[in-house]
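Undergrad: Sequence:
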Amino acid sequence: MGEVVIVEAVRTPIGRRNGKLKDVHPVVLGSLVLKEVVRRAGIEPGQVDDVVFGCVSQVGEQSLNIGRNAW
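Counting from 1 along the sequence shown, just add 3 to a position and that's the residue number in our numbering.
Hints listed in this document are in silico derivations from the structure and should not be mistaken for laboratory results.
Incorrect hints may appear among the rest.
Stated by the list, open to error - When the alpha-carbon atoms are kept at most 25 angstroms apart in a straight line, the in silico SDA-like pairs for lysine to any residue are as follows:
1) Lys38 to Val54
2) Lys25 to Gly49
3) Lys25 to Glu39
4) Lys23 to Val7
5) Lys38 to Arg14
Claimed, not checked - Using C-beta positions, here's what the derived DEER-type ranges look like:
6) Asp53 to Val31: 20 to 30 angstroms
7) Val59 to Glu39: 36 to 46 angstroms
8) Asn21 to Gly49: 15 to 25 angstroms
9) Leu32 to Val10: 15 to 25 angstroms
10) Lys38 to Val7: 36 to 46 angstroms
11) Ile17 to Lys38: 32 to 42 angstroms
12) Val27 to Gly49: 18 to 28 angstroms
13) Arg42 to Val7: 15 to 25 angstroms
14) Glu47 to Ala12: 16 to 26 angstroms
15) Val7 to Arg43: 23 to 33 angstroms
16) Glu39 to Glu6: 31 to 41 angstroms
Keep in mind it's a predicted model, so treat the numbers as computed, not measured.
All C-beta atoms, glycine included, are put in the ideal place defined by N, C-alpha and C.
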């Protein structure tokens with residue numbers, strides 16, 4: 004294993020039940036976060052070997068391994 008580097012940390016906005024984000028699938032929201040991490044870090048997606056991706060409330064569609072599906 005090579006050197007470990009943390010390049011960025013990004014989070015989604017906090018939503019409400021039936022709020023403005025109700026029509027955005029959690030995987031789509033997660034993919035936007037990952038794209039923003041890469042953009043802010045100024046790196047190519049191919050340079051990323053591993054991602055730590057968390058989900059605070061793992062219910063419904065959010066419980067489908069979002070980190071894996073969003074990448």
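Undergrad: Could you work out which earlier hints the structure fails to respect and list their numbers in ascending sequence?
TA: Those not satisfied are hints 2, 4, 7, 8, 10, 11, 15, 16.
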